[in-house]
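Number of protein chains: 2
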Amino acid sequence: MLSKNIKTVEVCFSPKLYEHRLTKDNFIVVIVDILRATTSICAAFDHGVEKIIPVAGIEKAREYKEKGYIVACERDGKVLDFADVGNSPSDFLNDVFRERTIAYSTTNGTKAINLASDADEIVIGSFTNLTAISEWVTEQDKNVVILCAAWKGLFNLEDSLFAGALSEKLLDTGHFETECDSVKAGLDLWSLAGEDLAGYLAKSSHRNRLKHLVSDEDFQYTVTLDSNRVIPRLESNYLINPATN
Amino acid sequence: MLSKNIKTVEVCFSPKLYEHRLTKDNFIVVIVDILRATTSICAAFDHGVEKIIPVAGIEKAREYKEKGYIVACERDGKVLDFADVGNSPSDFLNDVFRERTIAYSTTNGTKAINLASDADEIVIGSFTNLTAISEWVTEQDKNVVILCAAWKGLFNLEDSLFAGALSEKLLDTGHFETECDSVKAGLDLWSLAGEDLAGYLAKSSHRNRLKHLVSDEDFQYTVTLDSNRVIPRLESNYLINPATN
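In the order they appear, the protein sequences are chains V and G. For the first sequence, the residue numbers in the working numbering are -18 to 226. For the second sequence, the residue numbers in the working numbering are -18 to 226.
Worth double-checking, as some hints may not be accurate.
Copies of the same chain are indistinguishable here, so a pair counts whether it falls within one copy or spans any two.
List time: in silico DSBU-like cross-link candidates among lysine-lysine, alpha-carbon distance up to 30 angstroms [claimed, not checked]:
#1 Lys41 <-> Lys192
#2 Lys123 <-> Lys192
#3 Lys133 <-> Lys150
#4 Lys5 <-> Lys133
#5 Lys48 <-> Lys5
#6 Lys48 <-> Lys150
Derived by calculation from the structure, the hints in this document are not laboratory data.
With the sequences and hints as input, model every part of the structure.
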């Protein structure tokens, strides 16, 4: 049951802007790293993974391997020798890891999660769980900050478009309002891109740069809206999917 | 005479993103703080001011007053008691300060200028000198970084729209290319806003927040393209307008 209190929605286009945010209390952070961490994490939960431990960097990933965890870690498109699997969505579009715990290497994602430790809740968003996450967030009756993991600290189009798409869904409920220029920019960019997300992202420098790392299959999965309904949520230092936990 | 070397154009939506920029060498920084510093600085040079010293904060401004300078400094819409004039464009749309040097208080602008000290040149952009600055920058045959001064570190629409407008002019010359997602976002936002900039900015939170500080006259001046052809440029610690110096 929603209260009649209107909540706010705000977007940070980069972790570097998070400290300047207007929202300070009673808020959820939705972390976005469309290419590729948050899309892959949604894929993993949708295929029955039980827990995901976000891990920053190769050395940390190696430590988890030594502790006996399944480790997802690659660099330059290659699975590292000690790791079990890569970081792409397609690495998880099967039932191999059902009910298992995975240590997932994501430098940007881990940084964003650590940064947002002052939030009441941290959840993971991607185009694949857009509607599910917007519904879940609306039910919580809290303010929302959409935090783009960005690419080397820089604004990127794919995360910003997701921020626009989620902002639109939240504002359309009538339970949110905004004074954030980034939300307004995200909405406008989404209004231009939403009808042909794949085509629009073809002009994203990050997508171009990753072209040899992101297969066509992965890209198609990444830009397909609402293929799942997972709500990956941080609990202590790992992510769970409440629907299955 | 332009060389046939294609140069790059990049946008930083906030000073917080400047350190992550892709452009490292052989570049000009165009500083943008549409509401209000860079618009006011263009107005002042267009009305014959000889030099402008960008000054951060009230105490620094007071020191310049004690040294005998004309000082432009206000807070919360009021000219401070020790200052000679405020910070709005309309404070300079007259010939009172012709051939004078002004110490102009601008916290965000001064920060941006200090940050960009590694650039070959630092110039000042606003909608009022858009075409002049794009032509001047093109003639320099260097890479370009458009640095938005931002509002309390946050992305804002007015600076970002200017970044899009200037990027469009530069790319249209055929002498520039870009791999920067912020340029692409700026171009798209400008494609939506350019035909009715004033109307579009009515939805800018910063404009709304400053509504009691920015008069209708100032706002109209701010959003009018190409009312002057000044090229305010940093030399040592002050700005000059090469056309008149």
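- prompt: Taking 30 angstroms as the upper bound on the Cα-Cα distance, should lysine 123 and lysine 192 be classified as within, between, both, or neither?
  reply: Between copies only: 29 angstroms across chains, 37 angstroms inside a chain, cut-off 30 angstroms.
message: One pair to classify: lysine 48 and lysine 5, alpha carbons no more than 30 angstroms apart. Within, between, both, or neither?
response: neither (37 angstroms within a copy, 42 angstroms between copies)
query: With identical chains treated as interchangeable, where does the CA-CA distance between lysine 41 and lysine 192 reach 30 angstroms or less: within a copy, between copies, both, or neither?
result: within (27 angstroms within a copy, 50 angstroms between copies)
- request: Could you place lysine 5 and lysine 133 in one of the four classes (within, between, both, neither) given a Cα distance threshold of 30 angstroms?
  value: Answer is both; intra-copy 25 angstroms and inter-copy 15 angstroms each pass.
query: What label fits lysine 48 with lysine 150 when the C-alpha limit is 30 angstroms: within, between, both, or neither?
result: neither (41 angstroms within a copy, 56 angstroms between copies)
message: Within, between, both or neither: how does the pair lysine 133, lysine 150 come out at a Cα-Cα threshold of 30 angstroms?
response: both (28 angstroms within a copy, 27 angstroms between copies)
Violated hints, listed in ascending order, are 5, 6; each of the other numbered hints is respected by the structure.
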